[in-house]
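Number of protein chains: 2
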Amino acid sequence: MKDAPMYIPTYEDMLAAHDRIRPHIRRTPVLTSDHLDDLTGAKLFFKCENLQEPGAFKVRGASNAVFGLDEDQARLGVATHSSGNHALCLSYAAGRRGIPCNVVMPKTAPQAKKDAVRRYGGQVTECEPSTSSREEVFARVQQETGGEFVHPYNDPRVIAGQGTCSKELMEQTEGLDIVTAPIGGGGMISGTCLTLSTLAPEVQIIAAEPEQADDAMRSFKAGHIIADDAPETIADGLKVPLKDLTWHFVSNHVSDILTASEEEIVEAMKITWKYLRIVMEPSCAVPLAVILKNRERFAGKRVGVVVTGGNVDLDRLPWMAG
Amino acid sequence: MKDAPMYIPTYEDMLAAHDRIRPHIRRTPVLTSDHLDDLTGAKLFFKCENLQEPGAFKVRGASNAVFGLDEDQARLGVATHSSGNHALCLSYAAGRRGIPCNVVMPKTAPQAKKDAVRRYGGQVTECEPSTSSREEVFARVQQETGGEFVHPYNDPRVIAGQGTCSKELMEQTEGLDIVTAPIGGGGMISGTCLTLSTLAPEVQIIAAEPEQADDAMRSFKAGHIIADDAPETIADGLKVPLKDLTWHFVSNHVSDILTASEEEIVEAMKITWKYLRIVMEPSCAVPLAVILKNRERFAGKRVGVVVTGGNVDLDRLPWMAG
Chain A
1 MKDAPMYIPT YEDMLAAHDR IRPHIRRTPV LTSDHLDDLT GAKLFFKCEN
51 LQEPGAFKVR GASNAVFGLD EDQARLGVAT HSSGNHALCL SYAAGRRGIP
101 CNVVMPKTAP QAKKDAVRRY GGQVTECEPS TSSREEVFAR VQQETGGEFV
151 HPYNDPRVIA GQGTCSKELM EQTEGLDIVT APIGGGGMIS GTCLTLSTLA
201 PEVQIIAAEP EQADDAMRSF KAGHIIADDA PETIADGLKV PLKDLTWHFV
251 SNHVSDILTA SEEEIVEAMK ITWKYLRIVM EPSCAVPLAV ILKNRERFAG
301 KRVGVVVTGG NVDLDRLPWM AG
Chain B
1 MKDAPMYIPT YEDMLAAHDR IRPHIRRTPV LTSDHLDDLT GAKLFFKCEN
51 LQEPGAFKVR GASNAVFGLD EDQARLGVAT HSSGNHALCL SYAAGRRGIP
101 CNVVMPKTAP QAKKDAVRRY GGQVTECEPS TSSREEVFAR VQQETGGEFV
151 HPYNDPRVIA GQGTCSKELM EQTEGLDIVT APIGGGGMIS GTCLTLSTLA
201 PEVQIIAAEP EQADDAMRSF KAGHIIADDA PETIADGLKV PLKDLTWHFV
251 SNHVSDILTA SEEEIVEAMK ITWKYLRIVM EPSCAVPLAV ILKNRERFAG
301 KRVGVVVTGG NVDLDRLPWM AG
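Protein chains in written order, with the numbering used here: chain A, 1 to 322; chain B, 1 to 322.
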């Protein structure tokens, strides 16, 4: 069976998404730190998506998908596979609409994440931590429930939702030269591209990636998607590969992809906790790590930094590791 | 020598303070959490003073004192004794005005706090960790420098400055029933009393105190100041006693003082980090601990909670203690 032609979400889709999800998300604050500005030589504006109720920007795309369903489909609910914030956020959005949400999660996913999905009313089905098991279990769950599949990032509704974040960032700041965000599957970056390519095409979009999971950077340089099998990085939200839809945005609108080492990521995470005084995931620290590492590139610039999520295990902070 | 009669700052002093300090402080955001609301049965509004640049509400009172000095006094600078956030914040404010700041700190004060004072341009003079040494060293420093003494809390300029926090909180929220804040020396609570007794006298003011440093609660019940010698609590900002000026506000305007155990404070701190996703000091967790412990008192109410500061040692978090 041939895939349907890919639908590329438009700026109007993003505007419609914002109207649709506004009652269900927070307009998160933009925080600044004179001290971090001094350290980097740049003027940084942190868009704090970790302060969304379920703790991640993914509530935007998930809410857009959930609240965009017609009544017939909504009755059957939604379904996805994810070990991370997309599972939480889709459950949260489905819970707000009062419809079923089925999530396939690997047995090895953190208990705290499974608990959060259930707290929001989602149903967890466990699979083995392999792609084949996940696909098999997910196909069965979807067949049994009829739930609408909402991919964590390779979905036009999700990307249109994520694009609302940089729309708000542009409303909350003035004269940005650069927006930077972490890149994993590319959902946030694609939403950023979608919005800024129309709203503010003069703003550079720089993606930040862990050295140890640098498939997006290598894809960007090679001109086609390179997917790694099982990269290992402390930035656990960024292990997944680009897909066709996110590759479209990355290849067309991203100015550059820069990388940072594990050590640089942990250091950037710690100084953000210390000076910005927010709780955020290792993934969110990759942009600051990249800014600190490429001072000449960012100094003197006004830089928007998307802080993507804040669901961390407070008993296992990376600088505590013995 | 007889003390001068005590000057009680007025609502107009608070308004003047706000105009004076506005360029030097942040209008900090008010954050909410549906999950913490569910846990407490109340509707909570967290005024995040930990997000001030130097990380504490004390920048308000310190800035009011510093920017209120006339030119002659300003040339000689300011001086104080403090092992905590007041030292940081006074140095920060003095640095912004470009005037000297001398701080007497006990040798035993955390190195990170001394470093922060110096980073802001303050001059640290160390004393022994005793009241007699502190007073002796401070008298010498003040005589040598001529710096204007700015007490951490028993100072009308400082209290008027702290009062600007609840003014903003009232502007940022609607229909509050209660405002709660931690109490140590009583600076924040006094500022809250100063502002709300005029602006919103129907709002109850409830102070929150560690059981292990409950001198304010006992003073409140006894009707006169009781000062303990050296209370020990993880809420290290709250060890100091009330003084005449803060006692004036506490005894006249506070509805109640409630206490929480060390264990309850640490638990409340951890759930705030987890669900509100901010970095805050143990002292700031006392109000939430008190709300969780006295559910019947707060359930169904709209409650403003002042998050007082966010300068913590990330290598020594209390739930990590072995």
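Hints should not be assumed to be uniformly reliable.
The list treats identical chains as interchangeable, and a pair is accepted whether it falls inside one copy or across any two copies.
[Said to hold, decoys possible] Calculated pairs, BS3-like style, for lysine-lysine (alpha carbon to alpha carbon, straight line, at most 27 Å):
1. 301 / 243
2. 43 / 113
3. 221 / 270
4. 274 / 113
5. 113 / 270
6. 274 / 107
7. 274 / 221
8. 243 / 270
9. 221 / 113
10. 270 / 293
11. 239 / 43
12. 301 / 107
13. 301 / 114
14. 107 / 293
15. 243 / 274
No lab work stands behind these hints: they were computed from the structure.
Checked hints:
1. In this homomeric assembly, residue 301 and residue 243 never come within 27 Å of each other (Cα to Cα): the closest approach is 31 Å inside a single copy and 48 Å across copies.
2. Taking the shortest alpha-carbon separations for residue 43 and residue 113, only the inter-copy value of 25 Å comes in at or below 27 Å, while the best intra-copy value is 34 Å.
3. Taking the shortest Cα distances, residue 221 and residue 270 never come within 27 Å of each other, neither inside one copy (30 Å) nor across copies (43 Å).
4. In the homo-oligomer, the alpha carbons of residue 274 and residue 113 lie at most 27 Å apart both inside one protomer (25 Å) and across protomers (12 Å), since each shortest distance falls under that limit.
5. When the C-alpha separation of residue 113 and residue 270 is checked against a cutoff of 27 Å, the pair qualifies both within a copy, at 22 Å, and between copies, at 17 Å.
6. Taking the shortest alpha-carbon separations for residue 274 and residue 107, only the inter-copy value of 23 Å comes in at or below 27 Å, while the best intra-copy value is 34 Å.
7. Taking the shortest alpha-carbon separations for residue 274 and residue 221, neither the intra-copy value of 35 Å nor the inter-copy value of 38 Å comes in at or below 27 Å.
8. Neither within a single protomer nor between protomers do residue 243 and residue 270 lie at most 27 Å apart by alpha-carbon distance, with minima of 31 Å and 37 Å respectively.
9. In the homo-oligomer, the alpha carbons of residue 221 and residue 113 never lie at most 27 Å apart, since the shortest distance is 34 Å inside one protomer and 46 Å across protomers.
10. Taking the shortest Cα distances, residue 270 and residue 293 sit within 27 Å of each other inside one copy (15 Å), while across copies they are farther apart (32 Å).
11. In this assembly of identical chains, the alpha carbons of residue 239 and residue 43 never lie at most 27 Å apart, being 29 Å within a copy and 38 Å across copies at closest.
12. In this assembly of identical chains, the alpha carbons of residue 301 and residue 107 never lie at most 27 Å apart, being 44 Å within a copy and 41 Å across copies at closest.
13. Taking identical chains as interchangeable, the C-alpha atoms of residue 301 and residue 114 are never at most 27 Å apart, the minima being 40 Å within one chain and 31 Å between chains.
14. Within a single copy, residue 107 and residue 293 get their C-alpha atoms no closer than 37 Å, and across copies no closer than 36 Å, so neither meets the 27 Å cut-off.
15. Taking CA atoms no more than 27 Å apart as the test, residue 243 paired with residue 274 passes in neither setting, with 35 Å inside one copy and 32 Å between copies.
The structure fails to meet hints 1, 3, 7, 8, 9, 11, 12, 13, 14, 15 from the earlier list, while all remaining hints are met.
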